[in-house]
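Going down the list, the sequences are from chains A and B.
Mapping of the first sequence onto the working numbering: position 74 corresponds to residue 74, and the numbering continues sequentially without gaps.
Mapping of the second sequence onto the working numbering: position 71 corresponds to residue 71, and the numbering continues sequentially without gaps.
Source of the hints: derived by calculation from the structure; they are not laboratory data.
C-beta: ideal position from N, C-alpha, C; glycine also.
Any given hint could be a false lead.
[Stated by the list, open to error] Take a look, some chain B residues computed to stay more than 12 Å from chain A by CB distance:
no. : residue
1   : G65
2   : R231
3   : L255
[Said to hold, decoys possible] Simulated restraints, written as ranges between beta carbons of each label pair:
no. : chain 1 : residue 1 : chain 2 : residue 2 : range
4   : B       : M110      : A       : R32       : 39 to 45 Å
5   : B       : K27       : A       : S66       : 45 to 51 Å
6   : B       : F64       : A       : R131      : 43 to 49 Å
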Amino acid sequence: MSEATRTVQRTLVEPEPDLDTRWWWDALAEDRLQVPRCRSCGRSFFPPQPSCPHCGSGEWERVEASGRGKVYSWVVIYTPLDPRFSDEVPYAVLAVELEEGVRLFGRWKGTLDQIRAGADVSAWIYRVEGRPLLGFEPAEVR
Amino acid sequence: MSLLYDRRPSFLGRTAVAGVGYTPLTKNSGVTVVNLATTACRNAVLDAGLEPSEVDGIVTFSMFGDSAPAQAVAAGLGSPELSFAADLSFGGQAPCYAVTLAAMAVESGMARNVLVYRALNGRSGIRIGSTGFRSPTGQYRYPIGFSAYPQYIAMWARRYMIETQTGYDGLGAVALRQREYARMNERAIRRTPLTMQAYLESPFVVDPFRTHDCTSEVDGACAVLVTSLDRARSLEHTPAVIEGAAWSTPRGSGLDIADFFSWEDWSRNSHSYHAGRLWQSAQMEPSDVDFAEIYDCFSAVVLMSMEGLGLVGRGEAADFIAAGETGPQGKLPVNTHGGLLCEGYLHGMNTVAEAVLQIQGRSGERQLERHDRCAVTSGALMDGSALVLARDAA
């Protein structure tokens with residue numbers, strides 16, 4: 001498969017939200033990317049959890065994220081350690097640092113040779129069998 | 001970036017590792033994990049020159065129920081009574097820390113002779129290294145096919161490569177050097193010679209990692225016996241004195257062992273944080289150790305951890321290794337058993353055991369000439385532990 005191959009996720013592995021995180025997935029289902037932001041120290045954090053990992057405050061709010069960020073790191077998966085993804089390799093998973101200061105994982109919608117450290121990317125919410133998932137695409141697409 | 005101790009922990013310089021024990025490392029042991037655990041523990045006790053009935057403490061660690069608990073090993077050894085036991089729900093960050101807990105128990109008087117072991121049918125049974133596991137933050141990884149440890153640590157490796165301008169050949173240098181040691185280690189699973197060309201031509205598992213960058217999952221067990229320095233001096237081998245110890249769970253360690261969203265810098269692991277405490281507690285500098293045994297579930301971890309402990313400067317580890325400085329004749333031999341990459345994945349318990357064997361002068365063909373002091377690490381990512389062991393000078 002060539003480096004220019006653009007992979008599309010077809011396999012559904014159900015996310016398993018818990019009582020701390022269901023709201024985040026519910027927002028995603030409305031095509032909204034939200035992150036928790038601490039009311040005490042003002043920093044955003046991820047994933048949703050009972051208190052702020054930066055300062056320990058239990059007072060936080062949900063805010064809309066811009067969806068804009070930069071590539072912090074990435075991997076390209078050739079051997080899918082979950083065999084359900086066997087017919088999708090190779091595919092890239094990005095770690096993106098949003099403008100809000102949080103890092104998130106997502107599939108890459110672009111080609112593998114487009115991935116660069118620090119490249120501008122945008123959040124991209126897509127669906128597999130109707131389930132919303134977070135991915136990223138090159139910023140210039142928008 | 002490292003908190004210091006208020007004073008030198010009292011067990012340091014007063015406790016020692018006296019013996020080591022293994023089972024064979026295989027792809028299919030054909031026996032239960034409790035059998036493996038008991039065998040390695042019995043071997044460690046006898047190796048030290050003690051009787052199984054003299055064991056009164058056991059510390060172990062496991063993940064997702066893949067091992068046998070301390071009480072089962074006590075039963076298997078016919079132990080009259082344990083006065084100290086701990087079953088840690090930990091992975092690779094545990095071995096040095098488990099030895100530390102054992103030493104603390106000995107020094108405090110809670111126990112006299114404490115076994116520390118790791119046992120798993122990691123190849124034929126539960127393959128923790130290559131499968132998903134229940135975790136609060138799995139919901140952000142598993143649905144997108146970001147499924148297991150090789151992929152997570154590859155994500156850190158990439159960031160490390162970006163930050164330090166290290167290339168694929170830098171990872172390859174780790175794999176090559178350790179393979180050279182493995183050729184001198186009959187226990188090692190991977191012993192065939194490896195060239196840089198063969199390394200670079202081998203396919204990616206998860207870019208930037210190839211198979212050679214990943215540990216070999218095995219079935220097996222490894223144990224060490226910890227006791228007081230005074231008692232160790234009356235036993236079979238030269239004591240490996242516990243001179244320095246550190247653990248850290250820094251801010252951003254996350255909700256589970258694969259949650260690194262909040263971790264500030266994916267190119268630096270826990271060893272960057274507790275290095276100050278480790279050297280403070282050992283009353284040494286990084287340049288004082290003769291060799292190092294560095295936890296290496298994946299090649300890139302060796303680079304991060306060596307730099308984190310200050311054994312080499314930031315971004316210098318790959319060149320140092322490529323230049324041969326971690327080889328048998330180098331300035332700082334590293335992973336003299338071939339590491340977990342080659343010997344097999346006993347979750348770093350065997351990393352500690354190799355340090356002890358070298359200190360005691362029992363590493364056979366691969367025995368180092370200078371082997372008085374050693375730094376040992378456990379753990380790849382957010383939390384981790386480390387030890388400094390030294391050959392008893394008495």
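Structure-based check of each hint:
Every CB of chain A is more than 12 Å from the CB of G65 of chain B (nearest about 20 Å), matching its label as outside the interface. The non-interface label for R231 of chain B is consistent with chain A: the shortest C-beta to C-beta separation is roughly 44 Å, beyond 12 Å. Taking the minimum C-beta to C-beta distance to chain A, about 6 Å, the non-interface status of L255 of chain B is violated against the 12 Å cut. With their beta carbons about 54 Å apart, M110 of chain B and R32 of chain A fall outside the hinted range of 39 to 45 Å.
Between K27 of chain B and S66 of chain A the beta carbons are some 50 Å apart, a value that agrees with the proposed interval 45 to 51 Å. With their beta carbons about 26 Å apart, F64 of chain B and R131 of chain A fall outside the hinted range of 43 to 49 Å.
Violated hints, listed in ascending order, are 3, 4, 6; each of the other numbered hints is respected by the structure.
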